[in-house]
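Participant: Please work from the sequences and hints to get the whole structure.
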Amino acid sequence: MKLEKGRISAIELTLGVCCFMQGTMLRSVFIISISSKDSWIIAFTGLLFFLPCLVIYATLVKWFPGRSLFEINEEVFGPVAGKICSLAYVFFFLSLAALNTMDAGNFVLDFLIPETPAPAILIFFMCFCIYTVRKGIEGIMRMGTLFPFIAFVSVLFNFMLVLGDVQWNFLLPMFRLPAMKYVQATHVVGTIPYGECLAFLAVAPSMSKGAKIGKHMFFGLLVSAIFMALVIVRDIVTLGPLVDFMSLPSFEAVRTVNYAGDSATGKAEQLQAPGLRCGGPCRVLLNAGFSFLYGKCVLGV
Amino acid sequence: MTYKSNRLRICRRAVRAISVLLACVILSSVLSACWSSRELDELAIVMGVGLDAAAVPDHVVVTAQIAKVSEMESPSAENGVSPSGNAYNNVSYTGESVFGSVREMTRMVSRRLYFPHNQIIVLGWDLCKKGVTQDLDLFMREYEARIEMKILVARETAREILAEKTDIENLPALHILDMLDTHHATSEIVAVTFREFQISMLSKTTSPVAPIIEMYIDPNSGQAKARMSGTAVFKDGKLVGELNHEQTRGLLWVKGKVKSGVLHVEAPGGKASLEISHSRSKVTPILGPDGKFSIKIQILENGMIGSQESPEDLSTLENVKMLEAAAQEAIRAEISSAIEQAKLLRGDVFGFGDAISRKYPDEWEKIKGEWDSVFRELETEVEVKTRLRSTGAITKAITPGGAA
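So the protein lines, in turn, are chains A and B.
In terms of our numbering, the first sequence is numbered consecutively and its last residue is 301.
In terms of our numbering, the second sequence is numbered consecutively and its last residue is 404.
I should point out that these hints are in silico values taken from the structure, not numbers from a laboratory.
This one's a predicted model, so the numbers in the text were calculated from it and none came from an experiment.
Hints are all accurate, no fakes.
Subject to a maximum C-alpha distance of 30 Å in a straight line, what follows is the list of computed DSSO-like cross-link-like pairs (lysine-lysine): (1) B:K129 / B:K165; (2) A:K181 / B:K359; (3) B:K204 / A:K181; (4) B:K130 / B:K235; (5) B:K4 / A:K135; (6) B:K366 / A:K181; (7) B:K359 / B:K282.
Facilitator: So, in structure tokens, the structure goes:
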């Protein structure tokens, strides 16, 4: 099965990376549980941690133009060792795809429609992703050009709505944790969201001629780091020390928004469907993330 | 060949058409409604929750105020009572845990209790004395519960507060919510959300506060009504005391939450009431050369003359200065009273400890273990600036024969 039919422009790659990274923000608790109120800085230290990997892989792409990650493996390591190496990558992408699927399922079932059986959600989620992959990687990248803007506007909008309730001094005092906490959090962020972006190196053969994959990926990751820091800061200044106790801090932070108009009471109160503001974009982004990882697995197999 | 290829093309079209049709049927069957749909007439919408200490040890009385949605908008509904009955139904259950009690209530109510619309949580006095930390766990843990609901402490029991006969609103929970929402008019009530309460609870030094609500007999109607009455102060999850109205406003001055209200001051020839139109505050911890901490509180208040009981012209520069000085003194007195009471209760309701820990994290490590005694000895400097910006729609009091 040849999935990569289309050509992908540099901007599509950048936005695709943003889309992919934004989908992982539901899992910000991984970082916050370690580095608490200093977690926003981890978005940037994680990027720095990942940079050497990015440079190495971008160089490989440059040395082996027109080859996918799996083809490079075979050429470098030989047919047997190359396949074993590719298998490790497939396992990496597959386990991440499974993690994304589980996250999407848990999020929807816990917060949005708790009585719905898990298979009903997960099967439709996967069918949608498989359909997207069948349409080609270009389709996924096209999808990725739209959703980052939606997610960014959504986060900005939510931030504005909670501004009345935030306390900026929840960020203080800064950098008082043991150094190992920062190292651990940086490693987690560098491995999970940033490390997942290695999947994008497999699109190298589909890139437009002359496009610099490393440069555009870095730009996408930088925008994502800013986005990640913004989301974490919003969560911290809204929830204060409670942020360490929440299983989904971003979702809880958005739930504090007060909206007018409630059909049941006729009183101004909270919007009863935070899923509309947070759940929708998150699910779409997770869809994009899963589709990409799944696509890479199919390609690898 | 042509015949074969035509047949193949027809077959492919047929397969595609069947696939599309099948997809439409499957999608229409699963997308037409939500599996987890909850119809309004199948839900018991909880608008208020009360928690009280039970007579049985280690038990809690949970009261849920359930709205009768169909009767809430009834035009003839009065005192929370529509022609067909109350616009609400209070259900109580005594159990070992709040979670267990809520589940047990389903045996008493024909519908599933639905918490996302819950507006208030009222804690009984005795329960607060024993400690509320464990009993509030459910409302943080439950996905449906909202952390922005308001929290209050009942002078007696939460159950009787939720059974109040209301005049304007159909539901006692909404009446209480309205009273909290209009607290800006006097700035003598502290409105606290569940989120803010829990954030203070997590602090190692800041004492959580919540408004106190009590029942009184309305002399006009002879009925028992609810009213706000000071601020409850917690320490280590337990109620340790209260602040009166004046001290509550002192607390709000320090927190920069006084947005309106009235200051009664002495004026030349009588008294004057000054309306507060705006205020802001700044709390600065200071570390002295002797290693002792002090707190500098700066208040800026803008106001206007609301009314006067003296015939004097208060708009003269001299009188304005005098009124500003009187307002400064009144504000300082309220803040000092609040600080004294907080020290007496050993409850840092202002968050001074947190302010010090943010500004001097290293020095804080040395004193955090003995914060209670440091707080009792903590010196505070209150600097108040007031500006009387207006005399209202008139410049002088209208007095008999006062025309020029």
